[in-house]
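Construct the complete structure from the given sequences, taking the supplied hints into account.
First to last, the sequence lines map onto chains A and B. Those letters in the first sequence? Residues 977 to 1096, per our numbering, in order. Those letters in the second sequence? Residues 35 to 219, per our numbering, in order.
Misleading hints may appear alongside valid ones.
[Unchecked claim] The following label-pair restraints were derived from C-beta to C-beta distances:
(1) 1009/A to 118/B: 51 to 59 Å
(2) 993/A to 203/B: 40 to 48 Å
(3) 1075/A to 51/B: 27 to 35 Å
(4) 996/A to 188/B: 31 to 39 Å
(5) 991/A to 117/B: 16 to 24 Å
(6) 1083/A to 76/B: 27 to 35 Å
(7) 114/B to 1046/A: 57 to 65 Å
(8) 1090/A to 46/B: 47 to 55 Å
(9) 54/B to 1031/A: 43 to 51 Å
Derived from the structure by calculation, the hints contain no laboratory data. All C-beta atoms, glycine included, are put in the ideal place defined by N, C-alpha and C.
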Amino acid sequence: MSQDDIGPLLASEQVIEPSPGFTAAVMGGVRREAETLEPIAFPWRRVLPGLVLSAAALVVGLGVLVWTLVEEPASGPAVAADVHSLLGGGHLPSAAVLAGSLLIAWLAMRLSRASGDTLL
Amino acid sequence: MADDPDLPDVRRVLQGDVEAFEGIVRRWQRPLVNLAFRLCRDRGLAEDLAQEAFVKAYRGLPRWRGEGLFSTWLFALALNHCRSRLRRFRPPMVDIEEVPEVAVPPDGEREFDEAQRAGIVRRAVADLPEIYRDAVALFYLQGESLEESAGILQVPQGTLKARLHRARAMLRGRLELLSPLAGEE
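Structural data, given as structure tokens:
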């Protein structure tokens, strides 16, 4: 059998007819599909900035806390005392970082809420 | 594409008229069922695959960008659907030794030979690697033009020609091994 013989053999394929209820079955599936509500995808694109900002705020906050404890171990574990010593003890850069982290955390919360409102 | 016969129905469906999809189904049900049949050789499964492909097309219609004919997109979608379904579900293969011999009337011997040869070729096509099987199914079995087949497969026409040539060579090799009947000339 040569390659040229295969073409006509392949081309002589029988044609089958769809069964009588085929169109109705397809349209039934299509109507069901149309009635099904689209599942709401989780809005990662909107939430991601908020998550990143939250993570950044957490890292900065923890960094400031650790730095404060390392630099001034005598000031004790109370956060209020640390803040007081930071503000009163001439540690302006640390206070600025802490304020910045709080600002970032607040912004993250605002962004998350705004995303939620938009979705609803 | 303005001269696409499916475009009015597609537009109506996109505007929310679900029933307009029936026009598309009626126009393409036979080609799609036959395409699926040529890939799986099972009539019931072919109808299931075609039905699923239509529903998938309905679902994906908003993503159709209108580049080329709608039917090319529909066929490509159906072909991909059949491929993925058939990868998961392959019909059980029957050992050639287990197939009972059929009594042939003496006067119908030539017709029987032709039918048997064609049957062997089709089974051999179904066993080809996917890219060759799809090319043969579209171009030879489905009777699509070279341009249309290449469009559906999303390959250049030269690539499709090379695949068809390679597929014919593979088929010839397999048939000569498989069947003295198909190999004799």
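Verification of the hints:
The hinted window of 51 to 59 Å between residue 1009/A and residue 118/B is violated, with their beta carbons roughly 18 Å apart. One distance hint, 40 to 48 Å for the beta-carbon pair residue 993/A and residue 203/B, is violated here, with the actual separation near 33 Å. Here the CB-CB span from residue 1075/A to residue 51/B is close to 58 Å, at odds with the stated 27 to 35 Å. Against the hinted window of 31 to 39 Å, the Cβ-Cβ separation of residue 996/A and residue 188/B comes to about 34 Å, which satisfies the hint.
At about 22 Å, the CB distance of residue 991/A to residue 117/B agrees with the hint of 16 to 24 Å. At about 60 Å, the beta-carbon gap between residue 1083/A and residue 76/B misses the expected band of 27 to 35 Å. Judged by the Cβ atoms, the range 57 to 65 Å given for residue 114/B and residue 1046/A holds: they are separated by roughly 59 Å. The hinted range of 47 to 55 Å is not satisfied by residue 1090/A and residue 46/B, whose Cβ atoms lie roughly 38 Å apart.
About 49 Å separates the C-beta atoms of residue 54/B and residue 1031/A, a value consistent with the hinted range of 43 to 51 Å.
This entry does not satisfy hints 1, 2, 3, 6 and 8, going by the numbered hints stated previously.
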